[in-house]
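Next come the chains, spelled out residue by residue.
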Amino acid sequence: MAAAIILLRHVLPRTKCIATAYFQPQYLRSYSPVRRNFMQTSPAPKKARVTVTFIRHDGKRLQIQGKEGDSLLDVVVNNDLDLEGFGACEGTLACSTCHLIFKKEDYDRLPDRPSDEELDMLDLAYGLSDTSRLGCQVVLTKDMEGLEVQVPSGTSDARGS
Amino acid sequence: MRQFTKHGKIVWISCLKHSQSKHFGSPLIRLCRFTTPVRCHTIIQCAVVGSGPAGMYCAQRLLKGLERVKIDIYESLPVPFGLVRYGVAPDHPEVKNVTNTFTSILSEDRVEFCGNIHIGKDVRTKMLQEAYHIVILSHGADAERVLGIPGESTAKNVISAREFVGWYNGLPQNRCMQNKLDLECEEAVIVGIGNVALDVSRILLSPIDLLAETDITEESLEVLKKSKIRRLTLLARRGPLQVAFTIKEFREMTKIPDVLTIFDQPEMVSSLQSVIPDLPRPRKRLMDLMLQTSKATVPAAKKEFHIRFLHSPTSFNVDEDGKLCSVTCAINELHPETKKVLSTSSQNTIMGGLAMRSIGYQAIPLESELPFDVHQGIYKHQVGRLEGMPGTYCCGWVQTGPEGVILSTMSNAFALSGTILKDLKSMRIEEKPGLDIVKNYLSAQGHPVVSFEGWRKIDAEEQRRGKAKGKPREKMTDVGEMIQIAI
Ligand SMILES: Cc1cc2nc3c(=O)[nH]c(=O)nc-3n(C[C@H](O)[C@H](O)[C@H](O)COP(=O)(O)OP(=O)(O)OC[C@H]3O[C@@H](n4cnc5c(N)ncnc54)[C@H](O)[C@@H]3O)c2cc1C
Ligand code: FES
Chain B
1 MAAAIILLRH
11 VLPRTKCIAT
21 AYFQPQYLRS
31 YSPVRRNFMQ
41 TSPAPKKARV
51 TVTFIRHDGK
61 RLQIQGKEGD
71 SLLDVVVNND
81 LDLEGFGACE
91 GTLACSTCHL
101 IFKKEDYDRL
111 PDRPSDEELD
121 MLDLAYGLSD
131 TSRLGCQVVL
141 TKDMEGLEVQ
151 VPSGTSDARG
161 S
Chain X
162 MRQFTKHGKI
172 VWISCLKHSQ
182 SKHFGSPLIR
192 LCRFTTPVRC
202 HTIIQCAVVG
212 SGPAGMYCAQ
222 RLLKGLERVK
232 IDIYESLPVP
242 FGLVRYGVAP
252 DHPEVKNVTN
262 TFTSILSEDR
272 VEFCGNIHIG
282 KDVRTKMLQE
292 AYHIVILSHG
302 ADAERVLGIP
312 GESTAKNVIS
322 AREFVGWYNG
332 LPQNRCMQNK
342 LDLECEEAVI
352 VGIGNVALDV
362 SRILLSPIDL
372 LAETDITEES
382 LEVLKKSKIR
392 RLTLLARRGP
402 LQVAFTIKEF
412 REMTKIPDVL
422 TIFDQPEMVS
432 SLQSVIPDLP
442 RPRKRLMDLM
452 LQTSKATVPA
462 AKKEFHIRFL
472 HSPTSFNVDE
482 DGKLCSVTCA
492 INELHPETKK
502 VLSTSSQNTI
512 MGGLAMRSIG
522 YQAIPLESEL
532 PFDVHQGIYK
542 HQVGRLEGMP
552 GTYCCGWVQT
562 GPEGVILSTM
572 SNAFALSGTI
582 LKDLKSMRIE
592 EKPGLDIVKN
602 YLSAQGHPVV
612 SFEGWRKIDA
622 EEQRRGKAKG
632 KPREKMTDVG
642 EMIQIAI
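These protein sequences, in sequence, are chains B and X. Under the working numbering, think of the first position of the first sequence as 1, with each following residue one higher. Under the working numbering, think of the first position of the second sequence as 162, with each following residue one higher.
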């Protein structure tokens with residue numbers, strides 16, 4: 001069951017399957033170590049590693065290795081990145097705390113365009129730009145190697161203090 | 162687990178809670194890593210009043226920024242999370258995922274949840290100010306704005322959206338709402354055009370099967386099952402460009418099965434066409450969606466959701482039984498430049514057997530001694546520092562006013578925590594007793610306090626009861642019962 005949910009997540013439009021899966025206890029724990037162990041032991045083919053750099057609003061660069069097929073939220077969670085408040089709704093398109101800004105050329109190369117629902121949430125984000133996406137909706141592919149994304153401050157007045 | 166010595170110092174014995182915390186909650190937060198810790202040998206005692214998003218996110222940031230800190234989170238209810246539990250609609254379970262993060266915060270060793278303590282009544286703010294170095298007031302907006310028009314408080318079936326929300330979400334103070342709510346009528350009116358107005362509209366119009374699998378309370382589900390409402394009209398004081406709801410919530414309305422969204426003045430919406438291109442993106446997309454909705458061809462539907470602009474209710478009218486039958490409204494116009502609302506001499510009467518007021522929540526001060534701006538409904542403060550009270554701060558809806566989503570409350574809490582960390586650097590820190598004094602005081606009164614473990618018991622019991630009905634949880638609505646299970 002858990003396997004089905006996790007795999008479905010990468011295939012189906014990401015909103016609905018996650019939202020309805022809320023009632024599954026396994027899913028509720030989706031970001032607990034339980035799920036990560038599970039993913040490691042599943043017999044899926046070996047996935048390519050992709051280097052991603054998150055640039056925080058204070059200028060700090062966090063470079064890590066993500067796995068092909070993971071969303072950028074998964075990457076933040078699995079690598080325990082120090083991005084406060086990131087991913088509050090756990091990837092269910094209900095918070096926009098996973099807002100990321102891409103370089104124009106990277107944005108244009110992303111395999112899919114944001115859905116209406118993603119744009120609706122983005123519209124609430126601070127520092128919205130034309131190349132903004134929600135990290136929980138962007139899935140890593142091999143050719144994203146070297147990707148750099150900006151993590152906007154999220155705090156309306158953090159720049160001042 | 163911690164033990165309190167006679168001298169008021171806290172001795173850490175083992176960390177039971179820490180080991181529990183590994184089994185649930187989100188590891189999104191890493192509380193043990195300190196980026197810019199404020200070094201201090203004395204434990205900094207910090208009291209947070211209110212366990213909603215504002216208080217929880219403050220705690221998260223302070224834990225990270227302070228090595229030696231003890232944060233006690235006071236909550237008037239036996240259960241935590243504020244409006245995430247009692248405001249966010251039951252059919253939005255995704256939004257409530259944030260409680261996993263909050264649970265991780267509460268299960269930290271340096272944090273203590275102190276439920277069932279009403280600050281201002283059970284414990285005075287002054288006591289907290291004396292016992293703690295830092296006091297953060299984050300108790301949200303406990304009251305609401307009223308229209309102040311004839312019939313508002315006397316007509317039967319004129320209720321507040323805030324009470325209605327509290328009732329379907331199981332807020333103890335609204336548990337007997339069914340006694341004054343009658344959904345036998347076909348037409349209802351909602352005054353206000355924000356997200357709360359859309360939440361209550363959605364609950365009133367959604368197919369009951371969709372609600373039955375949420376954590377909506379059993380009592381409200383039973384009443385909603387029998388609802389005859391098939392036409393709901395939302396009244397907005399101003400025009401389409403000034404709507405307060407956000408696009409996600411509006412899009413949801415347009416997608417409820419068997420419900421049709423109708424703008425009663427389509428010409429007002431189509432007149433937007435010329436201004437849309439110049440609007441900022443969020444506004445542009447919302448106006449575009451409204452325009453598309455107003456143009457859509459109208460299939461027959463079981464229920465109708467109407468939106469009517471430039472209407473300000475002036476009286477609630479009753480039938481011979483004293484029950485609401487219609488709402489008289491003044492027709493407004495907008496000043497061409499300032500967009501201020503100007504009342505005209507025209508009137509319109511809208512039929513309806515149920516009316517809900519949804520024109521905003523309002524914060525009230527814990528005690529009249531605290532500096533509070535009654536007009537704005539927020540504490541008097543400078544970037545969160547309470548006026549004339551060093552060491553006392555306000556955060557969330559009591560600082561910003563009752564507007565904005567969890568994201569904006571989170572930003573506000575992070576910004577305030579930054580201010581506190583800055584202030585602490587220049588503060589003289591002498592040892593303070595913190596929770597000991599309050600606990601001693603309350604135990605002398607025989608006042609029960611619900612701990613984090615107590616809340617976990619309530620939580621487990623609610624989930625157990627929900628499971629039997631195919632729901633994520635069945636909320637307890639009786640404070641006495643909660644306390645009995647917790648203690
Ligand atoms: C109906 C409704 C639906 C919403 N839906 C969403 C949504 O879907 N998504 C979203 O992002 N945002 C939503 N919001 C907004 C969100 O709930 C707020 O931004 C946020 O909860 C404000 O946080 P707060 O901590 O300031 O206040 P609250 O969440 O209200 O927390 C205050 C806490 O303080 C406690 N308290 C009060 N008085 C005392 C006292 N005297 N002593 C001790 N404790 C006290 C209260 O019991 C409460 O637990 C919604 C709001 C409402 C009203
Ligand atoms: S994590 Fe909430 S929208 Fe992406």
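Hints were generated in silico from the structure; no laboratory data involved. Built from N, CA and C at the ideal position, the CB exists for glycine as well. Check before you lean on any hint, since a few could be wrong.
Below are the SDA-like pairs computed for lysine to any residue, each with C-alpha atoms no more than 25 Å apart in a straight line [as the list claims (entries may be wrong)]:
id, chain 1, residue 1, chain 2, residue 2
1, B, K103, X, K416
2, X, K416, B, I101
3, X, K583, B, L124
4, X, K628, X, P609
5, B, K104, X, G226
6, X, K445, B, K46
7, B, K104, X, V479
8, B, K104, X, D303
9, B, K104, X, K456
10, X, K456, B, Y126
11, X, K445, B, N78
12, X, K445, B, R56
Here are some chain B residues the structure puts well away from chain X; computed CB gaps all over 12 Å [to be verified]:
id, residue
13, R49
14, G69
15, D82
16, C89
17, E90
18, G91
19, L93
20, H99
21, R109
22, L124
23, S132
24, K142
25, E145
**OP:** Of all the hints given earlier, name the ones this structure violates by number, lowest first.
**Re:** Numbers 1, 2, 3, 4, 5, 6, 7, 8, 9, 10, 11, 12, 15, 16, 17, 18, 19, 20, 22, 23, in rising order.
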